[in-house]
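Asker: Following the hints, complete the assembly by docking chain B onto the known chain A.
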Amino acid sequence: MDTMRTIEPTADELAEGRRLRRKKQATNLAIDVFLLIVSIMMLLPLVFLVANAFKTPAEMLSWPPTIIPRDPTIANFSAVLGETPLLRWIGNSIAFAVLSTIAIVATSAIAGYVFGKFRFRTMNILFALFLATAIVPFEVYMIPLYFQAKSLGILNSLWGLLLGYLVMSFGIFLVRQNVIHSIPDELLEAARIDGAGEFWIFFRIVLPLLRGALGALAVLAFFQAWTAFAWPMIVATTRSSYTIEVGLALFQTGFTVDLGRLSAASATVLIPSILLFVLLRRNFVQGVASTGLKE
Amino acid sequence: MLKRKRFIFAMLAILPTLAIFAYVRLYPIADTLRLSLYQWNILSKNKPFIGLANFRELMGDHLFLDALINTTIIAFGVLALTIPMALVIAALIFHRTRSRMAGFYETAVFIPHVVSLVPAAMAWKWIFDARLGPLNALLDFFGIPMQSWLFDPVLSVICIIVLCSWQALGYAVLIYLVGFKNLPVSLYEAAKLDGASGRQSFWHLSIPMLKPITLYVSVVTLVSGFNVYAQAFVLASDAQGAPGRQVRVLVLDMLENSFRNYRVGYAASEAVVLLVIVLALTLIQFSMLREKGKA
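Going down the list, the protein sequences come from chains A and B.
Anchor point for the first sequence: position 237 equals 237 in my numbering, and the numbering is continuous, going up by one each time.
Anchor point for the second sequence: position 285 equals 285 in my numbering, and the numbering is continuous, going up by one each time.
Because the hints were derived from the structure by calculation, they are not lab data.
For glycine and all other residues, C-beta sits at the position ideal for the given N, C-alpha and C.
Treat the hints with caution; some may be incorrect.
Calculated Cβ distances over 12 Å to all of chain B for the following chain A residues [as the list claims (entries may be wrong)]:
{"id": "1", "residue": "ALA11"}
{"id": "2", "residue": "ARG19"}
{"id": "3", "residue": "ARG22"}
{"id": "4", "residue": "PRO65"}
{"id": "5", "residue": "ARG88"}
{"id": "6", "residue": "GLY91"}
{"id": "7", "residue": "LYS117"}
{"id": "8", "residue": "SER157"}
{"id": "9", "residue": "GLN177"}
{"id": "10", "residue": "PRO184"}
{"id": "11", "residue": "GLU186"}
{"id": "12", "residue": "ARG192"}
{"id": "13", "residue": "LEU209"}
{"id": "14", "residue": "ARG211"}
{"id": "15", "residue": "SER240"}
{"id": "16", "residue": "ILE244"}
When the alpha-carbon atoms are kept at most 27 Å apart in a straight line, the in silico DSS-like pairs for lysine-lysine are as follows [as the list claims (entries may be wrong)]:
{"id": "17", "chain 1": "B", "residue 1": "LYS47", "chain 2": "A", "residue 2": "LYS150"}
{"id": "18", "chain 1": "B", "residue 1": "LYS47", "chain 2": "A", "residue 2": "LYS117"}
{"id": "19", "chain 1": "B", "residue 1": "LYS211", "chain 2": "B", "residue 2": "LYS192"}
{"id": "20", "chain 1": "B", "residue 1": "LYS47", "chain 2": "A", "residue 2": "LYS23"}
Extracted from the complex, chain A is given alone in its bound form:
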């Protein structure tokens, strides 16, 4: 009889199960509502920024603020494009970010591989050196670096911007970590026994296996340069050499500038970078997530 009861639940037990399930559904609904509100609050400033870009000065003042402009105008955009070399700044930022990404991916791939697979004492000492300086924030040493750029004669140029963004300690750790975990020694040894040269091994075996990690690193490096502020601020001081961040920041200090135009300029920058992020989200999340896993 007892065994029968455990197999066949009584009406009471069924009701209890339904009640629990309903309670769980209610909890989940409450959590979803809360998270939805948080998500909207996080996005709202950006949504308004884009909306404001299309508003007339009169509508900017209206309360409550509208999300879809009543009579959308592109006057703000044409005014900004007429007043500032906005497209030039965006071009500078793209060139800077792309070159920095290439440099960081290249240096990190090579150094990460060597530190991961060539355990000589010299290499360990060098790696310790990289590790020790990784915690020093860029802001601490950017002033001497500025004077180095100055003596090289590359202030106000793409190369000057690039000087601060050629290597990334985290990129080296990321690649090293991946090399250790996902490239077995046996594979490399087998290639060596078959007579493969070290360079061939690096380009034909190691790099293809690191594609995922390098993709994540590339996205991180690109956004790091794209959003850089302090370094471009001191290195690029002529209007034509500004990056978009510096150009916008200085543009907004002029006191004749109104918020509609600022919003238009900001939206021009924001929309492509948000789209890019949404497209590359997986890579990005993978890269950032691995920053927290360096135990």
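Answerer: Structure of chain B alone, referenced to chain A:
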């Protein structure tokens, strides 16, 4: 012989990266330390060694102390806002991992972290704007007196904390999510069998188990808080185009001493103070982690 060949390859491969690293990181870090002991005015030819005189002067420099206090308040303010919120949001997103909305929540919370700093700050500049901003309109709607958010020394610090937290939150949530995904499921099942509610598991299981993650995120948040610059530059610049008059932060004070007052040695000593703060925070993190390992 083979080992020797491999060593030569490793050295050759690491050499370009090492050279770049030495030039753009090791040298300027060393130079910062060296310059902090010199009195170097860009305009004058000689650069006398003055020992710790720069640091002694810093201790009595009102502008510097002002910057140090503001920066510390901002860094800890961001920490206090970000960590608890990130922990709760990450726990809830993790709870809803299997729902279709999880990806949206994650993306929405994370977008403010990746978008360009200056355009995003511009959105907040509008929100806080005394005349046009929705914040004051909202206050007015409820009959609360309007505030000049960005022109009051106390309120503008709060505005910067809000902006920085909005940006830092996504990163913290993402790292916490990684932490939640790595927690052992069996432990939660055991707790559930023992009759623990979701809330009890959160307090007595998740929070203690995530302590290393909390420490890591806290230090990262504090360090980036101490390096705050762009946010203060955009939000707290006044109409005359003299940025940072309202809220002086460390990086701004440093750059001003170096490039406006031409006192490079003095600015370097400020950079050393920043470095010491960052090192101290990192040491605290490591020693707390070790303590946890012993227990």
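Asker: Check each numbered hint against the structure and report the violated ones by number, ascending.
Answerer: 4, 7, 12, 16, 18, 20
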